[in-house]
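Trainee: Positions 2 to 253 (our numbering) are the ones given, in order, by the sequence shown.
Any given hint might turn out to be false.
[To be verified] For lysine to any residue, the following SDA-like pairs were computed, each having C-alpha atoms within a straight-line distance of at most 25 angstroms:
1. Lys95 - Thr140
2. Lys95 - Asp150
3. Lys240 - Pro64
4. Lys95 - Arg139
[Said to hold, decoys possible] Label pairs and their in silico Cβ distance ranges:
5. Gly45 - Gly190: 26 to 32 angstroms
6. Met168 - Thr212: 26 to 32 angstroms
7. Lys69 - Lys185: 41 to 47 angstroms
8. Asp123 - Leu148: 27 to 33 angstroms
9. Tyr71 - Ser28: 20 to 26 angstroms
10. Gln138 - Gly237: 15 to 21 angstroms
11. Glu7 - Arg176: 30 to 36 angstroms
12. Val146 - Met2: 20 to 26 angstroms
13. Thr140 - Val118: 22 to 28 angstroms
14. Arg55 - Thr140: 25 to 31 angstroms
15. Leu148 - Arg176: 19 to 25 angstroms
In short, the hints are calculated from the structure, not lab data. Quick caveat: nothing in here was measured; it's all calculated off a predicted structure. Beta carbons: idealized from backbone N, C-alpha and C, even for Gly.
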Amino acid sequence: MFYDAEGFLVSTDFHSFKLKNAFVLSSYNKGTVIGVEVFDGDSGAIREMYSSDRGSWGLKKAPDIKGKRYTIRQLRQASDKYYALRQYIHINGKGVILTAASRKGETDEMKRFFNSVSIDLDGNGSGRSSVLLSKLQRTSVPITVDLNDEPGKPNTNTQKNSDTSLMTVVVVAPRPTYVNSARKNMVTGVVRLRIRMAKDGFVSAVSINKTLPDGLLRQTLFSAIRTRFIPYEQNGETKDAYRSVEYSFSIY
């Protein structure tokens, strides 16, 4: 599980929301990838993340789930390649994003995951099977610097396409937003990263190939780490894969 106390920003044309104490964790079991993200921050940030993800990567609006004092917003992707469901929740000053995806459609693991979600408005955490995020083992994501001016190759990776392999499927790659200092200084351009997409469905390492100043690098690093994907498979076994990704920043 990745954790960062400082977190990142979610910005719109009119507002900038700070998300702190960011938890990002992922697991892969029986063909299903499960992801959990938790942040401290304003509800406006979760609304903006939902709006940004909606329509991208084939994610479409699914029916809201309305509780007594909360609403769970949902995005769904159902195609012949994979099925994914993403839930967005804000409660008691915390934003939560849940993701599950599989090449096999809506799996039993996926159903169990979402059915197990219990919202405790009083914050007691009294469920017998409750596990505090603060008690989980934290894993750092190694970040190296390998700057070069070569054109990016967003689709390059180490995967070999064959009858016995299944390529990595990106479910959602969140778009980083501008920060005020970069907008004020009219910073534009591209941040290029090379990421390791691990066999457990988590971005476990990042190499910086091209960067930008004024906080934009941090924004893109969080976007990369928050990428949700179904890992590469070869001969029925999941494997790590590498991919180059670019994030563009323009001011209109």
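Trainee: Decide, hint by hint, whether the structure agrees.
Mentor: Status of the hints after comparison with the structure:
With a CA separation close to 21 angstroms, the supplied pair lysine 95 and threonine 140 stays within the 25 angstroms bound. A distance of roughly 40 angstroms separates the Cα atoms of lysine 95 and aspartate 150; the hinted pair therefore is violated under the 25 angstroms criterion. The suggested pairing of lysine 240 with proline 64 is violated, with an alpha-carbon distance near 34 angstroms, which exceeds 25 angstroms. For the hint pairing lysine 95 with arginine 139, the CA-to-CA distance comes to about 19 angstroms; that is within 25 angstroms, so the pair holds.
Against the hinted window of 26 to 32 angstroms, the Cβ-Cβ separation of glycine 45 and glycine 190 comes to about 27 angstroms, which satisfies the hint. Distance hint for methionine 168 and threonine 212: a CB-CB separation of about 28 angstroms, consistent with the stated range 26 to 32 angstroms. Restraint check, lysine 69 to lysine 185: a C-beta distance of roughly 43 angstroms satisfies the suggested window 41 to 47 angstroms. At about 50 angstroms, the CB distance of aspartate 123 to leucine 148 disagrees with the hint of 27 to 33 angstroms.
Our hint of 20 to 26 angstroms for tyrosine 71 and serine 28 holds, since their Cβ atoms are close to 25 angstroms apart. Range check, glutamine 138 to glycine 237: about 28 angstroms between beta-carbon atoms, so the 15 to 21 angstroms window is missed. Range check, glutamate 7 to arginine 176: Cβ separation about 20 angstroms, and the 30 to 36 angstroms hint is violated. The hinted range of 20 to 26 angstroms is satisfied by valine 146 and methionine 2, whose Cβ atoms lie roughly 25 angstroms apart.
At roughly 23 angstroms, the beta-carbon separation of threonine 140 and valine 118 lies within the given 22 to 28 angstroms, and the hint holds. Against the hinted window of 25 to 31 angstroms, the Cβ-Cβ separation of arginine 55 and threonine 140 comes to about 30 angstroms, which satisfies the hint. Separated by about 23 angstroms at the C-beta atoms, leucine 148 and arginine 176 satisfy the suggested range of 19 to 25 angstroms.
Against the hints set out earlier in the document, violations occur for numbers 2, 3, 8, 10 and 11.
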